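Novice: Just so you know, the protein sequences line up as chains A and B, in that order. All the letters of the first sequence, read from the start, carry residue numbers 1 to 315 under the working numbering. All the letters of the second sequence, read from the start, carry residue numbers 1001 to 1482 under the working numbering.
No lab work stands behind these hints, which were simulated from the structure alone. Note that this is a predicted model, so its numbers are computed, not measured. Where a beta carbon is used, it is the ideal one built from N, C-alpha and C, also for glycine. Hints may be right or wrong, so weigh each one.
To be verified - Keeping only pairs whose Cα atoms sit at most 25 Å apart, straight-line, the calculated PhoX-like set for lysine-lysine is:
id : chain 1 : residue 1 : chain 2 : residue 2
1  : A       : 2         : B       : 1146
2  : A       : 257       : A       : 32
3  : A       : 32        : B       : 1453
4  : A       : 237       : A       : 108
5  : A       : 3         : B       : 1453
6  : A       : 121       : A       : 32
7  : B       : 1419      : A       : 31
8  : A       : 2         : B       : 1183
9  : B       : 1025      : A       : 2
10 : A       : 31        : A       : 106
11 : B       : 1294      : B       : 1369
12 : B       : 1419      : A       : 166
13 : A       : 179       : A       : 257
14 : A       : 168       : B       : 1419
15 : A       : 3         : B       : 1025
16 : B       : 1191      : A       : 3
17 : A       : 171       : A       : 121
18 : B       : 1453      : A       : 2
19 : A       : 102       : A       : 166
20 : A       : 179       : B       : 1419
21 : B       : 1073      : B       : 1183
22 : A       : 2         : B       : 1073
23 : B       : 1419      : A       : 171
24 : A       : 3         : B       : 1450
25 : A       : 149       : B       : 1419
26 : A       : 3         : B       : 1294
To be verified - Derived DEER-like restraints, expressed as beta-carbon distance ranges:
id : chain 1 : residue 1 : chain 2 : residue 2 : range
27 : A       : 50        : B       : 1441      : 52 to 60 Å
28 : A       : 77        : B       : 1466      : 52 to 60 Å
29 : A       : 157       : B       : 1469      : 16 to 24 Å
30 : B       : 1016      : A       : 153       : 20 to 28 Å
31 : B       : 1422      : A       : 48        : 32 to 40 Å
32 : B       : 1097      : A       : 248       : 48 to 56 Å
33 : A       : 6         : B       : 1267      : 53 to 61 Å
34 : A       : 254       : B       : 1110      : 40 to 48 Å
35 : A       : 6         : B       : 1433      : 27 to 35 Å
36 : A       : 182       : B       : 1422      : 18 to 26 Å
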Amino acid sequence: MKKFLINTFIFILPILIVTFPLDYLISYYLKKSHSFSGELEVWNDIYEKKAGCDIAIYGSSRAWVHINPKILEDSLKYSVYNFGIDGHYFWLQYLRHLELVKYNRKPKVIILSVDNFSLQKRIELYQPEQFLPYMLYNKDIIKYTSSFKGYKKYDYYVPLLRYAGKRKVLKTCLRFFLKGYSKKNFREKGFVGMERTWNSDLDKAKEKIGEYKIKIDPKTLELFENFIRECIESNIKLIFVYCPEYIEGQHFVKNRKQIINIYKKLAIKYKLIYLDYSEDEISKNRDLFYNANHLNKNGAEIFSKKLAHDLKLYI
Amino acid sequence: MLFNSIDFAIFLPIVFFIYWFVLNKTIKIQNIFIVIASYTFYSFWNWKFLALIFLSTFTDYCVGLALDNEENKTKRKIFLGISLIVNLGILGFFKYYNFFIDNFIKIFSFFGQEIKPSSLNVILPVGISFYTFQTMSYSIDVYNKKIKPCRDFFAFASFVSFFPQLVAGPIERAKNLLPQFIKKREFNYEKSVDGMRQILWGLFKKIVIADNCSEFVDLIFNNSSNLSGSTLALGAMLFAFQIYGDFSGYSDIAIGAARLFGINIMRNFNYPYFSRDIAEFWRRWHISLTSWFKDYLYIPLGGSRCNIWLKIRNTFAIFLVSGFWHGANWKFIAWGAINAIYFLPLLLTNKNRKNLDTIAKTRILPAPKELIQMLVTFCLTVFAWIFFRANNIDHALSIISKIFSLSFFTIPNFDGREKALELIIIICIFIAIEWLGREEQYAIARLENKLTKPLRYLFYYAIIATIFFFGGIEQQFIYFQF
């Protein structure tokens, strides 16, 4: 028995020894990756304390590809960073906020891009790889990602385990390790303009799903309201923006008006500014979009200028 | 609790440590602990179904004792009947209730009688088909006076619920397993090392082979209407490796884990894809179930020592029941029927016991004839697996009709084709390792006789690294649903 235990220990020891350094190494190289829509670049800036700014833009991809911080900076003369997180609704937008204020100076103004989807919650964790380098023992990430179908409880605590079977990630790291990595970022201050033309997403969706109702997640709504109170208490000026949405796509969601009313009511209740561009001229011009929810690069530029102009009145 | 989970990686050493270091004084205490550990293991799925395991255990324990004290033939039959009714009753209700209700409704509606459906939302308890068969075989053996009944309740409960083989077998016989719970177990270094090695190999088969195949198999079978015949054929072939990796991987882990506790469990797989004919395949695939049906169904029906019509009846009986055992769906019965059709010509021409030895025993490579025989047997098996994996018979037929179309001669095309190529390379390496180790209990057994210690360790670390790098998305074992 003694021999068995000693030999088992001797066998396992090298694995235990390499676990932490290997975890560190993989995380290190993964952070250099510009994949996953450049999400890692934003997380890096946050955790490396490089994301401090006067105006923070929050939201989903509708913030990320719509609002160009550079245009806002030039116009408003404040530092601006776009923290839009692709494919995620308010639940994880809040995680980003939490990490931002934890590791960086808090912003003076937050522009929150709200839309039909902000208050719903996904079942599966979208682009879960973006959390990999930062999630080990990270209480905030554990709290806000563990309710999704994505990672298992041990992934947050056992080094290296979360990388098991993540072939794409491991290959990326190996490539960086062997060949070096590109220093050119995918995003600039969190933003990237999409050089795309109108695609058939809307027609396909109409054909496949038809009209549908968005289910509001009560916990997300509660978190959303708590976030508003938190901003007020911290003297952060919060501005709601409903970014342009292609007019034909607006009939797609059955309870769209009810959802917008929630934002309007909350804005009135907490005396917040609510800028709605859903019926703006931009929303009627299909050439400025690449699908019903997203402006292309040209559209984003026009919209950012318009937004900067309007914000001058309030900032 | 899955064998390929961290929960099990924590559970197993804890149980091992308590078993050998804390409770090693008496067998009784060790057996009580095995029962507690096994019930804990099972309760990770659904603790409510522990009552069924206990009911099955208690019934057969009492039936065994009652049979021992009774010489009257009628009463003995009644006691055996109680065991069969309880076990098959549990199985019938939880596994087949809705199947029978649905089919009765269909039959009545065919004759113009409309019946309101009253299907129940019955959850299938994990492992029910395995432990009920195991306990039933005990009562049948006691009834046939092949074994003496067990008087130690905890030894018997350990036999029924022993956690390594509780949820997906191998379906053990009381003759082999029960005596091991009655005599004192001594720790054996070689046996334990071998157990660890077999667990490692089982994990490789499950995590690298089965879980990776599963990704493509699901993709291909779920989109079968949009894919070419060649892609569907590839999907069926990958399923053959998925189910083998999954189930034989599970069996390896079960056998290996049992060995750590000083218990030897019967072998369940013997390199079935290296079989030269279907009869050989069935001697090598899911051995514990095949031999169960042979002993308790085929032979009592007369086996092959009877006239030609009875031979045909018995062959169909064993394969159809085996198919039905897998699940309450006509597709499994069709799968069984296909295998019966494959098997019959061999039986009727007395060629079913032609290939009893290991293929190419003294050679590295098989002879061309053997290679062709293996490939033909494999293709026949893959064809039958289509029914097993498809959603229903119609789905299977639509896949087969596409495979036998001109689109079979195109290059397979589906999302992630490059990743699939990687997997095929891994499968080739896996086949090579299995081929080299085909005379062993499992492919990498007795490695200490073949490699020096540093090389052996290097080989183990390579397997671990492969599991880490190429492991697929964690999936439940296929046979848990049966």
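Novice: Give a verdict on every hint.
Specialist: Hint check:
1. Among the hinted pairs, residue 2 (chain A) with residue 1146 (chain B) is inconsistent with the structure: their alpha-carbon atoms are about 40 Å apart, more than 25 Å.
2. Distance check on the hinted pair: residue 257 (chain A) and residue 32 (chain A) sit about 42 Å apart at the alpha-carbon level, beyond 25 Å; violated.
3. For a cut-off of 25 Å, the pair hint linking residue 32 (chain A) to residue 1453 (chain B) is broken: about 39 Å separates their Cα positions.
4. About 6 Å separates the Cα atoms of residue 237 (chain A) and residue 108 (chain A), which keeps this hinted pair within 25 Å; it holds.
5. Using a Cα cut-off of 25 Å, the hinted pair residue 3 (chain A) and residue 1453 (chain B) holds, with the two alpha carbons roughly 15 Å apart.
6. As the CA atoms of residue 121 (chain A) and residue 32 (chain A) are separated by approximately 29 Å, the hinted pair breaks the 25 Å bound.
7. With a C-alpha separation of about 24 Å, the suggested pair residue 1419 (chain B) and residue 31 (chain A) falls inside the 25 Å cut-off, and the hint holds.
8. Between residue 2 (chain A) and residue 1183 (chain B) the alpha-carbon distance is near 23 Å, which keeps this suggested pair within the 25 Å criterion.
9. For the hint pairing residue 1025 (chain B) with residue 2 (chain A), the CA-to-CA distance comes to about 18 Å; that is within 25 Å, so the pair holds.
10. The straight-line distance between the Cα atoms of residue 31 (chain A) and residue 106 (chain A) is roughly 23 Å, inside the 25 Å bound, and the hint therefore holds.
11. As the CA atoms of residue 1294 (chain B) and residue 1369 (chain B) are separated by approximately 30 Å, the hinted pair breaks the 25 Å bound.
12. At roughly 12 Å between alpha-carbon atoms, residue 1419 (chain B) and residue 166 (chain A) fall within 25 Å of each other, so this suggested pair holds.
13. Taken as a hint, the residue 179 (chain A) and residue 257 (chain A) pair is broken in the structure, with Cα atoms around 52 Å apart against an allowance of 25 Å.
14. A threshold of 25 Å between alpha carbons decides the hint, and for residue 168 (chain A) with residue 1419 (chain B) the separation of about 10 Å falls inside it, so the pair holds.
15. A distance of roughly 21 Å separates the Cα atoms of residue 3 (chain A) and residue 1025 (chain B); the hinted pair therefore holds under the 25 Å criterion.
16. As the CA atoms of residue 1191 (chain B) and residue 3 (chain A) are separated by approximately 13 Å, the hinted pair is consistent with the 25 Å bound.
17. As the CA atoms of residue 171 (chain A) and residue 121 (chain A) are separated by approximately 31 Å, the hinted pair breaks the 25 Å bound.
18. With a C-alpha separation of about 19 Å, the suggested pair residue 1453 (chain B) and residue 2 (chain A) falls inside the 25 Å cut-off, and the hint holds.
19. Our distance criterion of 25 Å between C-alpha atoms is broken by residue 102 (chain A) and residue 166 (chain A), whose separation comes to about 29 Å.
20. Restraint check: the Cα-Cα separation between residue 179 (chain A) and residue 1419 (chain B) comes to about 22 Å, which is no more than 25 Å; the hinted pair holds.
21. At roughly 32 Å between alpha-carbon atoms, residue 1073 (chain B) and residue 1183 (chain B) are farther apart than 25 Å, so this suggested pair is violated.
22. For a cut-off of 25 Å, the pair hint linking residue 2 (chain A) to residue 1073 (chain B) is broken: about 54 Å separates their Cα positions.
23. A threshold of 25 Å between alpha carbons decides the hint, and for residue 1419 (chain B) with residue 171 (chain A) the separation of about 12 Å falls inside it, so the pair holds.
24. Restraint check for residue 3 (chain A) and residue 1450 (chain B): the C-alpha separation of about 21 Å stays at or below 25 Å, so the hint holds.
25. Between residue 149 (chain A) and residue 1419 (chain B) the alpha-carbon distance is near 23 Å, which keeps this suggested pair within the 25 Å criterion.
26. A threshold of 25 Å between alpha carbons decides the hint, and for residue 3 (chain A) with residue 1294 (chain B) the separation of about 43 Å lies outside it, so the pair is violated.
27. A C-beta distance of roughly 58 Å is found between residue 50 (chain A) and residue 1441 (chain B), which places it inside the suggested range of 52 to 60 Å.
28. At about 57 Å, the beta-carbon gap between residue 77 (chain A) and residue 1466 (chain B) stays in the expected band of 52 to 60 Å.
29. In this structure, residue 157 (chain A) and residue 1469 (chain B) meet the distance hint of 16 to 24 Å, their C-beta atoms being roughly 21 Å apart.
30. The hinted range of 20 to 28 Å is satisfied by residue 1016 (chain B) and residue 153 (chain A), whose Cβ atoms lie roughly 23 Å apart.
31. Distance hint check: the CB atoms of residue 1422 (chain B) and residue 48 (chain A) are about 35 Å apart, consistent with the given range 32 to 40 Å.
32. Separated by about 51 Å at the C-beta atoms, residue 1097 (chain B) and residue 248 (chain A) satisfy the suggested range of 48 to 56 Å.
33. For residue 6 (chain A) and residue 1267 (chain B), the hinted distance range of 53 to 61 Å is not satisfied, since their beta carbons lie about 30 Å from each other.
34. The hinted window of 40 to 48 Å between residue 254 (chain A) and residue 1110 (chain B) holds, with their beta carbons roughly 42 Å apart.
35. Here the CB-CB span from residue 6 (chain A) to residue 1433 (chain B) is close to 28 Å, well matched to the stated 27 to 35 Å.
36. Between residue 182 (chain A) and residue 1422 (chain B) the beta carbon distance is about 25 Å. The supplied range of 18 to 26 Å therefore holds.
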